[in-house]
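Chains as they are written, first to last, in this note's numbering: chain A, 30 to 335; chain B, 357 to 869.
These aren't lab readings, by the way, just hints derived from the structure by calculation. Some clues are possibly wrong.
As the list claims (entries may be wrong) - Cross-link-like lysine to aspartate or glutamate pairs, in silico, EDC-like; alpha carbons within 16 Å at most:
#, chain 1, residue 1, chain 2, residue 2
1, B, 748, A, 78
2, B, 748, A, 62
3, B, 638, B, 455
What the hints assert, rightly or not - Pulled from the structure, derived: some chain A residues nowhere near chain B, Cβ distances all over 12 Å:
#, residue
4, 53
5, 80
6, 105
7, 111
8, 184
9, 189
10, 238
11, 248
12, 266
13, 277
14, 297
15, 311
16, 327
17, 332
All C-beta atoms in this analysis are idealised placements derived from N, C-alpha and C, irrespective of residue type, glycine included.
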Amino acid sequence: MTAYIIRRLLLVIPVLLGVSFIVFLTIRFIPGDPAEILLGEDYTQEAVEALRAEWGLDKPLLIQYGLFLGQLLRGNLGISIRSGQPITRELAVRFKNTLQLALVAAALASVIGIAAGVIAGTRPFSLMDMLTMAGAVAGVSIPVFWLGLMLMYAFAVKLHWLPAVGVGTVKHLVLPGITLSAFTMATIARQTRSSVLEVMEQDYITTARSKGVTEKNVLLRHAIKNAMIPIITVQGVMIGRLLGGSIITETVFAYPGMGKLLIDGLMGRNYPVVQGVILLYAVTFSLVNLVVDLSYALFDPRIAYD
Amino acid sequence: MRKGQWCVLVVTGFVFLAATVTGFGQEPQYGGKLIIGMGTDIARWDIHNCSGMQNLGIQRLVTELLTDHHWETGELLPWLAKSWEVSPDATTWTLHLEEGVMFHDTTPFNAEAVKYNLERLLEIGLARGSFDMIESIEAVDEYTVVIHTAPFAPFMHLLTYAPSGMVSPTQVEKLGSDNYYQHPVGTGPYVFVEHIRGDRSRLVANEDYWRGRPYLDEVIAKPIPETAARAAALEAGDIHVALSLPPIYVPMLEANPDTEILRAVPARTCYVGMNNQWGPFKDKRVRQAMNYAIDKHAINESIFLGEAVISTAPMTTLAFGSFPQAIFEYDPAKAKALLAEAGYPDGFEVTLTYSPGRYLMTTEVSEAVASYLMDVGLDVNLKAVEWAAYGKDRRKGVEENPLQLYFLAWGCVTLDADHGFKLYRPDLWPPKSTSPIFYSNDCMLELFNAARAVTDNEDRLMYYEVINKMVWDDAPVIWLYIQPNTHAKREEAHGVYVRSDETIWLREAWLEQ
């Protein structure tokens with residue numbers, strides 16, 4: 030098992046190299062010049078050229094990439110074109126914020142989604158089932174943007190229970206967390222429902238019932254573990270979606286996270302920021318995938334890694 | 357009661373009344389923490405290197421300038437420079453500085469500091485291109501500075517442009533020029549405490565401010581990019597001031613008794629530029645026809661709820677040297693006639709490029725303009741481009757420039773015609789600038805340069821009057837409107853004003869407690 034983990038971790042390196050190279054090239058080929066954007070109305074040709082030289086953008090592409098890798102190996106992600114701040118510092122705060130938000134959304138989505146899915150799956154075609162699935166359809170269809178603003182309007186402006194924007198306390202995580210979790214919660218509920226339905230049809234469940242196991246234990250001790258396997262896959266993908274998809278939620282709630290940093294960086298052609306953020310996403314995804322794969326072994330004893 | 361007692365009663369009554377009326381919060385109170393919601397975060401707390409006008413109002417609470425504009429009249433005011441003289445050829449400027457002013461770190465503000473700052477601006481400032489007429493700076497004595505420039509009459513107006521702010525030389529030396537942004541030190545009414553990127557900037561009152569301690573104890577500036585969220589935060593009371601709100605929020609916030617709309621005289625001229633060297637646009641009649649074809653009043657009423665100001669001159673009428681002209685009233689028949697006269701009775705095909713979201717209601721206005729042009733026979737293709745890519749196209753020289761009609765805006769930051777006419781300068785065609793109007797007029801250029809070299813304001817006005825009329829008549833662009841400049845605040849925040857350059861004036865702000 031340990032050997033497997035080490036091998037997987039080592040495989041992350043070529044993935045990061047590939048990702049960083051592709052991002053590096055792509056962003057430089059998109060039309061638009063960071064120096065010119067930064068200067069705005071103060072544009073002069075000399076100023077643009079001076080800035081580009083300062084940022085090393087006048088060197089050949091491969092040299093630029095080489096320099097970038099060199100810096101990376103020393104743990105330096107470069108300096109943001111817009112703010113002059115080291116990227117690692119900007120990323121650290123933003124990553125923490127987005128991670129908190131994503132975890133809250135993931136927890137809400139998992140707990141409520143799975144619970145709803147199980148309730149619906151164990152009472153198919155009942156009223157509870159219909160209601161839960163209607164809720165799931167709503168969760169998948171409602172635009173994140175609208176949901177966020179409606180929640181803000183109800184709970185912050187009208188009721189004054191929660192703050193409208195910003196970050197800092199647990200209260201600030203509630204509305205953005207709910208907003209971000211909606212889509213995933215609905216997906217998990219539906220997936221859980223079908224998974225539970227499928228498992229409950231299995232012969233071994235009938236056997237358990239015949240043995241006299243209570244319905245509650247049938248569910249919790251026999252069915253759940255098998256039903257969870259597809260759910261775990263969904264959750265793995267979910268973390269990815271939540272980390273990347275938090276952009277809209279972050280914008281609506283003025284929540285200073287990575288999504289907003291990436292979008293602003295892209296708009297301003299802030300090469301170091303875009304490279305840094307995407308690299309961080311790549312690392313996170315790789316690690317999350319590893320954890321998801323390993324957790325299969327927990328749920329299904331037939332799976333073993335060596 | 358006896359007469360005497362009545363008198364006492366009446367007088368006491370009046371005294372009480374007077375006391376309650378004045379006590380009803382009209383007397384500025386000290387203390388409080390004002391929270392401002394802005395559209396974008398402050399990119400860099402280094403005034404020589406900050407870009408974008410949006411947050412300069414906040415930065416200028418910490419860092420001040422040599423001159424300033426009055427927030428309402430746009431009049432040029434002395435500030436850190438209390439008076440000045442200029443040589444008749446507009447090349448030598450002698451500034452007398454305020455005495456006894458100190459930076460927040462107790463470094464004295466003096467001529468040496470001014471020299472240091474201007475030299476830093478010219479060396480590493482992002483906007484140094486706009487100050488390239490400065491040739492040298494001399495600190496003659498402790499409070500007198502002499503600046504030598506190429507002939508440039510509007511120099512004192514240019515010094516109101518934020519990149520020429522005065523920062524503490526000690527702080528720059530201490531942190532290093534590249535890291536100065538981490539803790540800026542100026543002479544302003546508020547002292548910088550911290551900037552948590554993406555979350556807030558925090559300032560506290562400068563107890564020793566040279567114009568008297570400001571009323572507020574603290575000012576917090578938070579970026580809230582989404583306009584709906586910004587308006588919601590204002591209504592919820594999470595912030596006291598919301599900057600830059602589009603006109604759709606005006607009715608809602610005016611109806612709310614706790615909030616109030618702040619309007620400033622706007623200064624950002626929005627227009628549809630024409631590539632004057634492309635096909636039909638070489639002909640003045642075609643360009644004028646384009647102006648007659650658009651119903652600007654209808655655009656203002658329906659898209660901006662009447663909050664915009666129709667352009668009556670190439671730049672805002674607040675600017676020195678701006679003269680209002682007769683607008684091209686909506687007249688599609690006249691437009692068609694002019695087009696026919698110029699040889700285009702059936703119109704022609706043209707592309708209208710715009711960058712959604714860059715300015716207020718860009719998409720809606722572009723679509724409206726396209727539709728008016730189609731009414732007079734043109735075949736218009738609308739093309740939406742991303743801002744960065746747009747910039748690349750705008751910069752291309754006349755041979756390669758693909759732009760024909762394009763939606764843009766120009767803010768006259770120095771409130772001086774010299775800056776206002778920059779767009780039209782025949783000697784600043786791209787790639788020297790990002791304004792592909794490609795206007796060609798030797799006479800205008802001569803008059804423009806003459807106006808620059810003349811220091812007598814009356815003489816300058818004379819030149820600008822002619823230039824205004826000439827440029828307006830030539831119709832190098834389709835003039836539309838000046839973008840509304842609306843902000844909002846809560847009732848308990850007083851003394852909050854908005855300037856025409858979209859920055860906020862908070863020096864006299866106070867909070868009702």
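Hints and how they fare:
1. Distance restraint check for residue 748 (chain B) and residue 78 (chain A): the Cα-Cα separation of roughly 14 Å lies within the 16 Å cut-off, and the hinted pair is therefore satisfied.
2. Taking the CA atoms of residue 748 (chain B) and residue 62 (chain A), the gap is near 7 Å; set against the 16 Å cutoff, the hint holds.
3. For the given pair, residue 638 (chain B) sits about 56 Å from residue 455 (chain B) by alpha-carbon distance, which is inconsistent with the 16 Å threshold.
4. Residue 53 (chain A), annotated as away from the interface, keeps every beta carbon of chain B farther than 12 Å; the closest lies near 17 Å.
5. At roughly 8 Å from the closest C-beta of chain B, the C-beta of residue 80 (chain A) falls inside 12 Å, breaking its exclusion from the interface.
6. Its beta-carbon lying about 15 Å from the closest one in chain B, residue 105 (chain A) satisfies the requirement of being farther than 12 Å from that chain.
7. Not every beta carbon of chain B lies more than 12 Å from that of residue 111 (chain A), the smallest distance being close to 5 Å; the non-interface claim is violated.
8. Listed as outside the interface, residue 184 (chain A) is inconsistent with that label: its C-beta sits roughly 9 Å from the nearest C-beta of chain B, within the 12 Å cut-off.
9. At roughly 6 Å, the least C-beta separation between residue 189 (chain A) and chain B is not larger than 12 Å, which violates its mark as non-interface.
10. With a least beta-carbon separation of about 53 Å from chain B, residue 238 (chain A) lies farther than 12 Å from that chain, consistent with its non-interface assignment.
11. Distance check for residue 248 (chain A) against chain B: the nearest CB is about 43 Å away, which clears 12 Å, and the non-interface claim stands.
12. Distance to chain B confirms residue 266 (chain A) as a non-interface residue, since its nearest Cβ pair spans about 27 Å, more than 12 Å.
13. The claim that residue 277 (chain A) lies off the interface is violated: its Cβ sits roughly 9 Å from the closest Cβ of chain B, which falls inside the 12 Å cut-off.
14. The beta carbon of residue 297 (chain A) sits about 7 Å from the closest Cβ of chain B, which is not more than 12 Å, so the claim that it is off the interface is violated.
15. No beta-carbon of chain B is positioned within 12 Å of the beta-carbon of residue 311 (chain A); the least distance is around 22 Å.
16. The Cβ of residue 327 (chain A) lies farther than 12 Å from every Cβ of chain B, with a closest approach of about 37 Å, so its non-interface assignment holds.
17. Every CB of chain B lies more than 12 Å from the CB of residue 332 (chain A), the least distance being 42 Å, so the non-interface label holds.
In summary, the numbered hints that this structure violates are 3, 5, 7, 8, 9, 13, 14.
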